[in-house]
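**Student:** Listed below, chain by chain, are the residues.
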Amino acid sequence: MLEVVDLLKTFHPGTPNEVRALRGVSLRLEPGSFLIIIGTNGSGKSTLLNAVAGTFPVDHGTITLAGQTITRWPEHRRASLIGRVFQNPFSGTAPNMSIAENLALATRRGQRRGLGRTLSRPLREELRDRIRSLNMGLENRLDNAIGSLSGGQRQALTLLMASWLKPELLLLDEHTAALDPKSADQVIRLTHDIIQRDRLTTLMVTHSMQQAVHLGDRLIMMHRGTILHDLHGPEKARVRPEDLLRRFDEVRRREQLDPGVADLLQRRYI
Amino acid sequence: MTLLISAATIGLILALLALGVYLSFRIFHFADITADGSITLGASVTAILLVHQWAPATATLAGALAGTAAGALTGILHTKFKINGLLSGILVMTALYSINLHIMGRSNVPLLNEVTLSSQVEALGLPFFPSGDVLIAGWRVSLRDVMMLAGMFVLVGTIGLLLHLFFQTHLGTAMLATGDNPQMIRALGVNVDSILILGLALSNGLIALSGSLLAQYQGFADVQMGIGMVVWGLASVIIGEALVGTSRIGLLITGAIMGSVLFRLLVAIALRWGLNPNDLKLITAAFVFVALVAPATLRKLKPAAAPAAAP
Chain G
1 MLEVVDLLKT
11 FHPGTPNEVR
21 ALRGVSLRLE
31 PGSFLIIIGT
41 NGSGKSTLLN
51 AVAGTFPVDH
61 GTITLAGQTI
71 TRWPEHRRAS
81 LIGRVFQNPF
91 SGTAPNMSIA
101 ENLALATRRG
111 QRRGLGRTLS
121 RPLREELRDR
131 IRSLNMGLEN
141 RLDNAIGSLS
151 GGQRQALTLL
161 MASWLKPELL
171 LLDEHTAALD
181 PKSADQVIRL
191 THDIIQRDRL
201 TTLMVTHSMQ
211 QAVHLGDRLI
221 MMHRGTILHD
231 LHGPEKARVR
241 PEDLLRRFDE
251 VRRREQLDPG
261 VADLLQRRYI
Chain R
1 MTLLISAATI
11 GLILALLALG
21 VYLSFRIFHF
31 ADITADGSIT
41 LGASVTAILL
51 VHQWAPATAT
61 LAGALAGTAA
71 GALTGILHTK
81 FKINGLLSGI
91 LVMTALYSIN
101 LHIMGRSNVP
111 LLNEVTLSSQ
121 VEALGLPFFP
131 SGDVLIAGWR
141 VSLRDVMMLA
151 GMFVLVGTIG
161 LLLHLFFQTH
171 LGTAMLATGD
181 NPQMIRALGV
191 NVDSILILGL
201 ALSNGLIALS
211 GSLLAQYQGF
221 ADVQMGIGMV
231 VWGLASVIIG
241 EALVGTSRIG
251 LLITGAIMGS
261 VLFRLLVAIA
271 LRWGLNPNDL
281 KLITAAFVFV
291 ALVAPATLRK
301 LKPAAAPAAA
311 P
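Here the protein sequences line up with chains G and R, keeping their order. The working numbering applies: residue 1 is where the first sequence begins, and numbers increase by one. The working numbering applies: residue 1 is where the second sequence begins, and numbers increase by one.
Worth flagging that the hints you see were computed from the coordinates, not collected in a lab. It cannot be assumed that every hint is accurate.
[Stated by the list, open to error] Computed far set for chain R versus chain G, every beta-carbon distance over 12 angstroms: (1) Ala69; (2) Ser142; (3) Val146; (4) Val244; (5) Leu265; (6) Val267; (7) Ala270; (8) Asp279; (9) Ala294; (10) Pro295.
[Unchecked claim] If you want the footprint, here are the derived chain R segments under chain G, 3+ residues with CB under 8 angstroms: (11) 15 to 26; (12) 170 to 184.
Ideal placement from N, C-alpha and C gives every residue a C-beta, glycine not left out.
Use the sequences and the hints to build the structure in full.
**Tutor:** This is how it looks when you write it as structure tokens:
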């Protein structure tokens, strides 16, 4: 279970570039829950994901995952609990290393790495079987460098790597945004299958209203570093892309007002 | 003949330097100037211990360990104190100059009368060639040179093999991945800072070992001997990459060793033909410059030709 309480994060404080990226975000995610996060650019959705992953320390608030307070844990330590797929297909894999080596690295996520042999024969066979299940024809290219693969293939492998050891939390940061529509579909189908099969607790940021509607059992919409809407259960199941677009329009209309007035109106009416 | 054998021996000894530079420069993309100081550190620690009658193997090991400490220090300056990588190396290198002088107590320590690995290796061969000379293809070569060449071949080969095996372990692959994509390996739970510190320690340990062996082979340690060594190592690595022409790590390790020997042989021949020794570092630097720039320049020239070839 993930619990985030009152997160605050300001980038470049005290400078003209000051950005108040998170302004008191609280969130409780039940085990096995699949949460979709949408929001306008700069709404803080990626910042929230990175704060949980530990990319930077937060200014205030606590993060609890699987019964442990991880607020002060460095990023690499949190990786023992968290699997991640990045927006950029280049981020999640080591391009000059082979497919087999990359996956083998993932089989020890968060564990001690000693002087044992990385690629034993049984592990190679296991890797081959799991890669075959992707149906991308990569099982015969285990020793090819990952850098020679397409973005979609890389994201599929990154997804496999992030979920190889069942993580307490899976973080997906717009992981299909940089892909062509066909690859994106393929990766989304794989995402759905893996999350269903392992019942993974998941946070997924997306720009796609289609994905937001069809995936997940809960949806939050962020704006200006806060959670604006939080849709659960039947409400989430009923929601259609048009509803989400309408809510974005509301936000945009409110945006045109003076921020102070907007806050006032929001407090009074929402 | 003596010249070639001696050049090959020094080439093999400096192959350890090349391996160290390969580790920092090619795997971590970290221009680690510490090398210039740590090669001398290895030489001076070993030299002073030999003067104090330590066993050569222990003295050599101590020299190498001193190098790992220097490398770790550079890594700590860079990761914990957020000092620019190049500057971290420069700071440690500069500090090492004074430290080396302190260790040796003067700028040069002769080892000709001490028991060194070199004299021990020679003694191994003495029963077979009691005259102290070996005839190779009609040339008379000193036993010491031949035995040292053979010894270095075995030692460097073993270290190359160990390094190759290391890069197939969990820790070794994590190290490769740290150089290749730190963001990815951090997300898989690896402390990138620690790995960099470990890698630089390993790199400078190899480099200091190279310095230690060089001092024992030459018969002296000198505080100036490290100057420009990082560029030497780089030149060897680049020649090695050209020789093997792949990105397979095992071949690149072999390549770095071959590159170092080839480079040293070329230098010996050039000096024999009358190259002014004072120009050596200038030419080495120019060579590395060309080797670093040439691939990009060639790539820039290629697209102009490519469209014509395309259907």
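**Student:** What hints, given by number in increasing order, does this structure fail?
**Tutor:** 11
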